[in-house]
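Asker: Here's the letter readout for the chains.
2 protein chains.
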Amino acid sequence: MEFSSKLLENAVNEVSRLPGIGKRTALRLVLHLLRQPSDHTKFLSEALLHLRNDIKTCSKCHNISDTALCDICINTKRNSEIVCVVEDIRDVMAIESTSQFNGLYHVLGGKISPIEGVGPQDLQIDSLVNKVESGEIKELIFALSSTMEGDTTNFYIFKQIEKFRIATSTIARGISVGDELEYADEVTLGRSIVNRIPFEQSIRS
Amino acid sequence: MEFSSKLLENAVNEVSRLPGIGKRTALRLVLHLLRQPSDHTKFLSEALLHLRNDIKTCSKCHNISDTALCDICINTKRNSEIVCVVEDIRDVMAIESTSQFNGLYHVLGGKISPIEGVGPQDLQIDSLVNKVESGEIKELIFALSSTMEGDTTNFYIFKQIEKFRIATSTIARGISVGDELEYADEVTLGRSIVNRIPFEQSIRS
Numbered sequence: 125m126e127f128s129s130k131l132l133e134n135a136v137n138e139v140s141r142l143p144g145i146g147k148r149t150a151l152r153l154v155l156h157l158l159r160q161p162s163d164h165t166k167f168l169s170e171a172l173l174h175l176r177n178d179i180k181t182c183s184k185c186h187n188i189s190d191t192a193l194c195d196i197c198i199n200t201k202r203n204s205e206i207v208c209v210v211e212d213i214r215d216v217m218a219i220e221s222t223s224q225f226n227g228l229y230h231v232l233g234g235k236i237s238p239i240e241g242v243g244p245q246d247l248q249i250d251s252l253v254n255k256v257e258s259g260e261i262k263e264l265i266f267a268l269s270s271t272m273e274g275d276t277t278n279f280y281i282f283k284q285i286e287k288f289r290i291a292t293s294t295i296a297r298g299i300s301v302g303d304e305l306e307y308a309d310e311v312t313l314g315r316s317i318v319n320r321i322p323f324e325q326s327i328r329s
Numbered sequence: 125m126e127f128s129s130k131l132l133e134n135a136v137n138e139v140s141r142l143p144g145i146g147k148r149t150a151l152r153l154v155l156h157l158l159r160q161p162s163d164h165t166k167f168l169s170e171a172l173l174h175l176r177n178d179i180k181t182c183s184k185c186h187n188i189s190d191t192a193l194c195d196i197c198i199n200t201k202r203n204s205e206i207v208c209v210v211e212d213i214r215d216v217m218a219i220e221s222t223s224q225f226n227g228l229y230h231v232l233g234g235k236i237s238p239i240e241g242v243g244p245q246d247l248q249i250d251s252l253v254n255k256v257e258s259g260e261i262k263e264l265i266f267a268l269s270s271t272m273e274g275d276t277t278n279f280y281i282f283k284q285i286e287k288f289r290i291a292t293s294t295i296a297r298g299i300s301v302g303d304e305l306e307y308a309d310e311v312t313l314g315r316s317i318v319n320r321i322p323f324e325q326s327i328r329s
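Chains as they are written, first to last, in this note's numbering: chain A, 125 to 329; chain B, 125 to 329.
No lab work stands behind these hints: they were computed from the structure. Treat the hints with care, since some could be wrong.
Identical chains blur together in the list; that is why a pair holds if it fits in one copy or across any two.
[Claimed, not checked] Once the Cα atoms are required to be at most 27 Å apart in a straight line, the calculated DSSO-like pairs of lysine-lysine come out as: (1) K180 with K130; (2) K166 with K180; (3) K262 with K147; (4) K283 with K147; (5) K130 with K262; (6) K201 with K130; (7) K147 with K166; (8) K166 with K130; (9) K287 with K180.
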């Protein structure tokens, strides 16, 4: 791509470093900004800079937060004895939007993945084990992705906390609500039969 | 979408104002920036601000430029008597990348579109007519999109400059190189038969 302006080239290069954005998309976005009032670009740049420089992570659950402790952890109405272990902040947002969980979270910051060079020491596992050891947690819910890396991480954490004898569970895997059986993959369908639930329980939830 | 941080929410909102970027994509991009060194965000923000505040448009062709006259207009090796009329800077880049055009450009900044409220006065048409009137141009090539708006704009400009009796042409419409005939639409195929070119000419180009 040949640019008539160094400023334009520079902006396109920086934007195209974002994941999933190629040079053409970057050019489209940058030209859009040029057509908008310059305030738009100012607000965008400032929002990104403020976020990057001033953001904190909650010292208790490692969720992204503006304060030292996040809104969820300081909420006394929530049950602090049940902790849901998730990969990252997007999972917290997804579970929060269901309004079905009233406990606290523990954000690992990823999952164990030897291929991507992520080991247990790169994740917030030690602080989770410490929390369990201190006796403040009664139940741990594993809510990681249903992938090999997710299962590995679940198992690694389980092995570390097994000796403390607290309740552990994983979120249910099964056929998505609204899905046709014939299009479900065999593993999911198989698991959903093995882990079937009493019919009376299913109509209540 | 519920955010645990105002800074995060603000950044996601600003990013999602960009065209084709929804809240989820914006969140993915913003979280990516948080995982990168803070220099990345700094360079991105600065590049966008510099572009928006310091960019100029070439006073001759209205192309985006770092200087008062763009690199193409000040290049004395180019034929300033042939001017290619295009919609926007992306078309300049597309034609430049073919290395098949040695003249200058005239960037209209859009096309006449009553539906979007774009009239002739919103485009760089007057300055084009002035250029033609001054006698510095021998040939005008219309290279606008082959849409109703593009054709309307072509025709509007043609009517304005008709009296000055300079050569005018439009870029050829036809079957794309590498395309199968059976999948071409009727209008394109029809035009490509009406505007057929001598075989000898086709094998030379």
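Asker: The structure should be examined with respect to each hint, and the outcome stated for every one.
Answerer: Now the hints, each set against the structure:
For a Cα distance limit of 27 Å, the shortest separation of K180 from K130 across copies, 11 Å, qualifies, whereas the shortest one inside one copy, 35 Å, does not. In this assembly of identical chains, K166 and K180 lie within 27 Å of each other by CA distance both inside one copy and across copies; the values are 23 Å within and 18 Å between. Proximity of K262 to K147 under the C-alpha cut-off of 27 Å is found in neither arrangement, the shortest distances being 50 Å within a copy and 35 Å between copies. For the homomeric pair K283 and K147, neither the shortest alpha-carbon distance inside one copy (46 Å) nor that between copies (37 Å) is at most 27 Å.
In the homo-oligomer, the alpha carbons of K130 and K262 never lie at most 27 Å apart, since the shortest distance is 59 Å inside one protomer and 31 Å across protomers. Within a single copy, K201 and K130 get their C-alpha atoms only as close as 55 Å, which misses the 27 Å cut-off; across copies the closest is 22 Å, which meets it. Proximity of K147 to K166 under the C-alpha cut-off of 27 Å is found in both arrangements, the shortest distances being 22 Å within a copy and 19 Å between copies. Both within a single protomer and between protomers do K166 and K130 lie at most 27 Å apart by alpha-carbon distance, with minima of 20 Å and 18 Å respectively.
For the homomeric pair K287 and K180, neither the shortest alpha-carbon distance inside one copy (33 Å) nor that between copies (67 Å) is at most 27 Å.
Of the numbered hints stated above, those contradicted by the structure are hints 3, 4, 5 and 9, listed in ascending order.
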